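Asks: Listed below are the residues making up each chain.
2 protein chains.
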Amino acid sequence: MDHLQALDGYFKENRDAHIEQLKDFLKIPSISALSEHKKDMQLAAEWLLKSLQDAGIENLSIDKTDGHPVIYGDWLHAEGKPTILVYGHYDVQPVDPIELWESGPFDPEIRDNKLFARGASDDKGQVFMHVKAVEALIKETGSLPVNVKFLIEGEEEVGSPSLEKYIEENKEKLSADLIVISDTGMYGPGKPAVCYGLRGLCGVQIDVKGAKGDLHSGLYGGGVQNPLHALVEVLASFRDKDGTITVEGFYDNVQALSDEERAAYDALGFDEEALKNELEVPELFGEKGYTHLEQTWVRPTLELNGIFGGFSGEGIKTVLPAEAGAKITCRLVPNQDPEEIVEKLKAHIEKHKPVGVTVTVTEFDKGKPYITPFEHPAIQAAGRSYEKVYNVPTAYIRGGGSIPIVAAFDEILDLPVVLMGFGLASENFHAPNEHFHLENFDQGLRVIGDYYYEIAHFTRDELKK
Amino acid sequence: MDHLQALDGYFKENRDAHIEQLKDFLKIPSISALSEHKKDMQLAAEWLLKSLQDAGIENLSIDKTDGHPVIYGDWLHAEGKPTILVYGHYDVQPVDPIELWESGPFDPEIRDNKLFARGASDDKGQVFMHVKAVEALIKETGSLPVNVKFLIEGEEEVGSPSLEKYIEENKEKLSADLIVISDTGMYGPGKPAVCYGLRGLCGVQIDVKGAKGDLHSGLYGGGVQNPLHALVEVLASFRDKDGTITVEGFYDNVQALSDEERAAYDALGFDEEALKNELEVPELFGEKGYTHLEQTWVRPTLELNGIFGGFSGEGIKTVLPAEAGAKITCRLVPNQDPEEIVEKLKAHIEKHKPVGVTVTVTEFDKGKPYITPFEHPAIQAAGRSYEKVYNVPTAYIRGGGSIPIVAAFDEILDLPVVLMGFGLASENFHAPNEHFHLENFDQGLRVIGDYYYEIAHFTRDELKK
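Protein chains in written order, with the numbering used here: chain R, 1 to 465; chain V, 1 to 465.
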């Protein structure tokens, strides 16, 4: 029997039971940010452990960290075959403003084939799909075509403060051939996506100091440098009118987009007009010579996130402020190095330093960009699994944002990371009325199951990054 | 007998009495900003009225306004001679922080030949000098060499909200040939100054609006215009690296500095190095080709007074703010017109409007620049009176700031205004331990008295602006 058919049968037969189980998982208010839910965190971890155990996963443990516990488990009987590390999280976001929820955030309810509850999509629902996919394969075939390890944490929604240390300390235990994460979204309804790259981050704060105190613009204006003017001069020097960053060497190590990738993006038929209308801007704007998707996925940015200095109340105050400042962050793409970019920013600021003021630069936290090459077999295999189930071409996408834990996996374990999400942008992650489209629950189970077979076709060497 | 000798005799003879009288005036806490001192305002007005009456001033009245009363009085028996309108104020600033005063703000005390009290210098002391100068002349000679009108208001420290209306409604009664105001400072200790020009003011707020809400810099950064970048681009376009304003036509009507004025300023030997050290800036900065005094007295400015938008808290927030804005004011010099300059600013902003955002411009209140020509006989006469008494050259200066009531006098009465101050920058106007150097009280009485004779030498026609 074809394995997809076998999976189909299992999922159909057990669908009601699976949904009830998922509802039970969703009833536990495992809000990692709120200390009064500490007990619920433990309950959710135990519930998941039991679920993994029932699925046939072995060597299970709830591992203590400085924060909420990490769940580990594995199934390692596919000798010589690749090992997939599945990462996800069992914690959820707070629920405020509670009055905007149509049904209780922890009273899961299905309306219009959507399951409404906090965590339905982000990420309990998607973690649960991996558990059930493994369960189906083990129950139906007695084994898995690859080795699998589960690493499910309880602090993703608070920035994963304990996980990096946990990964460092359990490098051996977590060793694998690729990492699969289902915590992102599809390209659109009915349109599956594999995300194979994320941008990195670095940034600086610029503080400009003028006179020892605020000055009267009548007495001193025109004869003393104004820190706001000085700041604006520096800030304006970062970019030209075409949106190109003018920091020397900024684009030096930027990986060029391959023809294949460009074609893949073009095939998505991204609707820039629709985005313009949605954002209510007179027109879109970005680096000349690139499409909006290219601008946000494969090109680095330098953005001003805040400027401050002087008077911002109502009306007028004729002051030359003593100080002014700005916050700047860059989204970085492969193979830009955050340390190197910060050095270039500093050199640029030094070069454009205006007279009459002192300028101080402070660095922010840095995150490396991440990419698993587009043509990597683990990426292409994920695309094939989606296509078999959804019967449409898979979107190969990148994310413009940064998921710090992905960068940490990349850094510490040095493995290909496959972001295989089933959420939809409309599903209100982090907001009231979070929900999960159950057609993607149903289809996703089959995609995940199929993916294990797809990966089983490769040798471990073939999966090397 | 020479008139200066006569005055000398009178002032010496009555010095103790004058100081005691001034102390009585200073004991009245006539704080215009605080409603609990309304009664004190009336007391101070009555005290001053009595004092003017004793001096020989006639037609005295305490004129009601919407706020605190105005005192009027005159002496008009010098037929065919010019009329001087003396303006001043009997209200004072609040006294907070009270704990920093070494003696009570309303317990006048002399230490080291300085009279400490709120209002000692600003402006009760200086108003009192005019009263006593007139008194001396009338007592010693039986008359005044010119006609004199007194207009002393009680709302200068709260922005003179009622005075413009009062002047409009009493244009005839206040008609004169020149206005003398003693409410400013000398150039320095022992260095008298006549101020003959002030800068005007206009300004705009620029508001930049991007998307309908704040955007995530990961998801949208690089593909949507950032209102902060757009704002910075506009703001940077206002000025070049040499400090020259680049708004088209900005300098069109700027009156060139005459060789005489430039020489007069140069003769002051202004110490730019000392200012640099005092302000604690690495260097001074201003429009190329002009000295610091020229930059702040005779050149117009465009200053950023505040910029706001995005995140200004601690650390990092990767946001593209939906909105950003800036406040800008210009100090204007003769013959710039505030209305015209605002139109030029608007045209400049329109021309430099960045794509992808909408820009709104809001105007602030405007004030015209004021100047009585340097060579005007009323200005030069004031300089001569100072020189006779102080035996040093008078500094002919301008003020970089704007005194709205001076512009109103200029606008409504269209008279030369002579700013003849006796304060010192070190005398803590508006601050704790305000004081007045009594040597300038003693000398100033003689300067004022002499000035009446100086003005008497001119025909009314010769004093026309």
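Please note that a few of the clues may not be correct.
A pair holds if it fits inside one copy or across any two, identical chains being indistinguishable in the list.
[To be verified] As a list, the in silico BS3-like pairs of lysine-lysine whose alpha-carbon atoms are at most 27 Å apart:
no., residue 1, residue 2
1, K351, K165
2, K276, K38
3, K241, K317
4, K351, K288
5, K212, K241
6, K344, K317
If you are wondering where the hints come from, they were derived from the structure by calculation, not from laboratory data.
Keep in mind it's a predicted model, so treat the numbers as computed, not measured.
Asks: State for each hint whether it applies.
Replies: Structure-based check of all given hints:
Proximity of K351 and K165 under a CA criterion of 27 Å is satisfied in neither setting, with 39 Å inside one chain copy and 54 Å between copies. With identical chains, the CA atoms of K276 and K38 are never at most 27 Å apart, being 43 Å at best within one copy and 59 Å at best between copies. For the identical chains of this complex, K241 and K317 are inter-copy neighbours only, at 25 Å across copies versus 31 Å inside a copy, given an alpha-carbon limit of 27 Å. In this assembly of identical chains, K351 and K288 lie within 27 Å of each other by CA distance both inside one copy and across copies; the values are 25 Å within and 21 Å between.
Only between protomers do K212 and K241 lie at most 27 Å apart by alpha-carbon distance; the minimum there is 23 Å, versus 35 Å within a single protomer. For the homomeric pair K344 and K317, the shortest alpha-carbon distance between copies (21 Å) is at most 27 Å, but the shortest distance inside one copy (36 Å) is not.
Comparing the model with each earlier hint shows violations of hints 1, 2; every other hint is respected.
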